[in-house]
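Student: Turn these sequences into a full structure, and let the hints steer you where they fit.
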Amino acid sequence: DAKTTQPPSMDCAEGRAANLPCNHSTISGNEYVYWYRQIHSQGPQYIIHGLKNNETNEMASLIITEDRKSSTLILPHATLRDTAVYYCIVEGSSGSARQLTFGSGTQLTVLP
Amino acid sequence: DGGITQSPKYLFRKEGQNVTLSCEQNLNHDAMYWYRQDPGQGLRLIYYSQIVNDFQKGDIAEGYSVSREKKESFPLTVTSAQKNPTAFYLCASSFLTGETQYFGPGTRLLVL
Numbered sequence: 005d006a007k008t009t010q011p012p013s014m015d016c017a018e019g020r021a022a023n024l025p026c027n028h029s030t031i032s033g034n035e036y037v038y039w040y041r042q043i044h045s046q047g048p049q050y051i052i053h054g055l056k057n058n059e060t061n062e063m064a065s066l067i068i069t070e071d072r073k074s075s076t077l078i079l080p081h082a083t084l085r086d087t088a089v090y091y092c093i094v095e096g097s098s099g100s101a102r103q104l105t106f107g108s109g110t111q112l113t114v115l116p
Numbered sequence: 224d225g226g227i228t229q230s231p232k233y234l235f236r237k238e239g240q241n242v243t244l245s246c247e248q249n250l251n252h253d254a255m256y257w258y259r260q261d262p263g264q265g266l267r268l269i270y271y272s273q274i275v276n277d278f279q280k281g282d283i284a285e286g287y288s289v290s291r292e293k294k295e296s297f298p299l300t301v302t303s304a305q306k307n308p309t310a311f312y313l314c315a316s317s318f319l320t321g322e323t324q325y326f327g328p329g330t331r332l333l334v335l
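In order, the protein sequences belong to chains A and D.
The first sequence begins at 5 in this note's numbering and counts up one residue at a time.
The second sequence begins at 224 in this note's numbering and counts up one residue at a time.
Rather than coming from a laboratory, the hints here were simulated on the basis of the structure.
So, partial list: chain D residues that the calculated Cβ filter (under 8 Å) puts toward chain A: (1) Tyr256; (2) Gly265; (3) Leu266; (4) Leu268; (5) Tyr271; (6) Gly281; (7) Thr323; (8) Tyr325; (9) Gly327; (10) Pro328; (11) Gly329.
DEER-style ranges, computed between Cβ atoms: (12) Lys73/A <-> Asn307/D: 36 to 44 Å; (13) Pro116/A <-> Ala284/D: 38 to 46 Å; (14) Lys237/D <-> Thr76/A: 41 to 49 Å.
We put the beta carbon where it would ideally sit given N, CA and C, even for glycine.
Tutor: This is the structure:
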């Protein structure tokens, strides 16, 4: 069963912020929220992850609600190269190898 | 440059033939993974390995085999027993203590 729910598609104007939502209402206390993206016919690219606090790196910001049941990935100034499928993944930490459960993701299309 | 490489980019298989997909990483990662992606779908885990000379089956291991003789290498063999091998194959690696997985560029396998 999917641990996350994402809208199937979103559009964003070039130069504007892209806000991608993710619901993970069954997340447990030791589970992280990860975001990856996949540009057509390429391998998934890691973007960012977080546990409780909001996180920011050179690619994006991750906003996690206080109850941790949802999060938003923010691309502050979307470019055409950001057109991709964005995956929100919830996984715990156990110190051992584990699979990432990729759902269907959100197809983000950045429009010129 | 550090990273994960996969070869070849495209691979053609004849009926009844075994083919081997290469995956190499120079990130000093302990764990390596093989995923399969079908068109419009998420990724599904085939095999993973946490340490040299050890590997475990994922959700869809039937018709596939792997080896882990070196930390840097995790080749995947698609055997003739895999009746529907046409897919995009992705290799990933990670440290055991951190769950961020980094992906290679993928190999697209087509059946002639």
